[in-house]
Each structure stands twice: as structure tokens, then as C-alpha cells.
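Residues -20 to -1, 1 to 350 in mature numbering (1 follows the signal peptide of the UniProt record, and there is no 0) are what the sequence shown spells out, letter by letter.
Watch out, some of these pointers could steer you wrong.
Stated by the list, open to error - EDC-like cross-link-like pairs, simulated, lysine to aspartate or glutamate; straight-line CA separation at most 20 Å: (1) Lys216 with Glu232; (2) Lys235 with Glu154; (3) Lys235 with Glu272; (4) Lys273 with Glu302.
These aren't lab readings, by the way, just hints derived from the structure by calculation.
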Amino acid sequence: MKKSFHAFAALFAASAILFSSCTKKTAVQEPAGTRTIVDQVGNTVTLPKEVRRVVIASVWPLASAYCLMFGTEGLVGLDPAIISAAENSMLIKAAPEISKIESSFSKNGHLNAEELIKLKPDVVLYASGVMEDYDVATQAGIPAVGFALDAKNFNAVETIFTWIDLLAEVMGKECDTRAYKEYAEKIQNLVAERVSAVPEEKKPSAMIIHRYSDTTLQIPGTRTWGDYWITASGAKNAAAVNKGTPQVTVEEVYKWNPDRIYITNFSDAIPEDLYQNTFQNYDWSNVRAVKEKNVRKMPLGIYRWYVTNTDSPLTLLWLAKEHHPDLFGDIDIPTEIKEFYRNFYKIELTDSDIESMFTPNRAAAGGIKN
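Between the sequences and the hints, there should be enough to build the whole structure, so can you do that?
And the structure:
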């Protein structure tokens, strides 16, 4: 018998934590004025005893977690791609001042050392796949802390747990995220239990378009967020012959002929661009997902849903219902999103907010080099 989803989801209405419930961490003996941590790249980083000025560079999804935990206090620099997402997402409700934070230190994903130094940051936070950020920051004498994209083998739900914990350590805080983690784990278990009963031949094939333009078509294969999302939600990755997120040809897509296609917010493309062949050099008219109108734009909630972020439990639930609507018929996704935001972020969403999450503005891909 299928377990009732709402039977346990309702438990969190009373027990959910406010994400900003962080307190100062008990100090340990360190040299005067400094302390050390080990980041997810494996580097031992010496930080000021109190971190007051923070720049978030290439680890874009971390900014939403930072704002939910600490507000915008201390944020002196954000990559432009973070701000474009925030201005078109629900994060702007929690942190409207984020759009005014300095971003000129980064252009097309490259840091400008002179502009970075002007911000006088105590620390630069970067993604493990962009070691150039580490080099620029440390050569400028600024401590840099790396966050690993594959911290949990690209399990987006569990990766954000580790990022939240490391961020709290960087800031010298202790944050009680037990209720959030318990909810996320229950979603993982629920989805895993239900899709485990689906025979392999009954699983739809799915493909995620990471970036798309007249000259670019990048599709995630294995060892990517895309592969995690597709397989964890009960589908087959049509692009599993590849590893990473390479450039592919439209002829390869014809061969894979996926049942479903999702487009991330790292591209300004929308489903109509595939339905109407608006980009040059690509004809999608004979691809099954396009013919059957099964192309979706990935939602933009607190951040872009393709990568790890604090909305990741919702992403998993949404995709599971997309792939197996009958199996998840007891779950109303808009209602669950509203309850989640109310309980964990203290944000009240309207029906219009939900609609905008599922039909994000093209401008949400601003600041990203395609």
C-alpha cells in the first residue's frame, strides 16, 4: 500500500525551523585573531576570527542559502549570475537588497583581482570546478574557501546539507537545520520507495538542456546534477553515453529521441524555442518530446532548480511527479511548495508566485556566458 505523503508532510508545519536560526559558534583555541577550517577541496584555510565581509564568486547557488541563514549582512560582492537569478526568483522576497550588491569584480565567470581587492573581503567563496577563483583570490592575499560540486556524488539534496554546514563554519556560526534535513530525507526516501517499483522498461527517457544558443548545445551525461535528477526521479538519462556536460550535436539528440526534455535557467531558452525552432542550426520537430509537447523549463524558486540549492527536495518531488503522475497523484506540487516556503523560509507565496517559478523570465540567465 502506498504511504500517504501528507501524513508526514504535515508534521513539519509545527516543527520547521526558521532558516536564519544561527548562533555564534563556541570558540576553540586558535592564534589571536585567526582560526582555520578545512574546505571541500581539501585546503586548510586561515580565516579571521570574525568574518565580516564575504564575496561569493563561482559557487552561485550558495548565495540563497547565505541570505536565508544570515540575511545580506556581510555580503560585499556577488557574481552577476547570482544577481540575475535573485532578481527573477523568490529570493528577492527574502532579500530585496541583494540587487544592490557589487558585482563588477566578475565578468563572464572571470574574477578581476583589482576590483576584488577594492571590496576588502575577509573571504572569497568559490566552486571546486573553478580553481581560477582560488588562484586569483589567494594571489591577492584573500582567503578562499572551496565548495565541492560533487560533495555527495552530485546528489543535489544531500550536497546542499554539506554546503550549509561548511558555510556556517566559515561564518563561525552554529545553525539548527535538523528539521529541514529531516524533511529533505523524507522526500528522498518517499521518491526512492515509489519509483523503485517501476520496471526499467516503463521509465521514460529524459534529457536536460544545460545551455543552448545558436552555437551551443550542452547536455548533461553521467556524473552531473542532470543525471542525478533524472535517475533519482524514476527516468532514464537519454544522454548517459556521455560523461560530464559536453557539447553535443542535434544528430545525437535525434538518436536518443528522449520522451521528455527539460531546459535549465543557465540558458534563456524556453520550450517554445524548441516547439518553433527559433534558434538557428537546430531542427527539433522530429524529436519525440517536442512532438508530444513534453518540454519543460526547470523552475526558478529560491534559485535555479537544476543545481543543488535549498529548494532541492522540491525539485526531486516535482520531477518524480512529471515522470510518474499517477504514482504521485496524492501530491499537489503548488501546495507543497507553498507549505515548504512558509515553514522553512517564512515566505508566503501567492498563486502568481508559483506561476512565475514555473515560467521564469529569460533574464534569469543573465550574466552567464553561453
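Hints versus structure:
no., hint, in the structure
1, Lys216 with Glu232, "holds (16 Å)"
2, Lys235 with Glu154, "violated (50 Å)"
3, Lys235 with Glu272, "holds (17 Å)"
4, Lys273 with Glu302, "holds (13 Å)"
Checked against the numbered hints given earlier, the structure breaks only hint 2 and satisfies all the rest.
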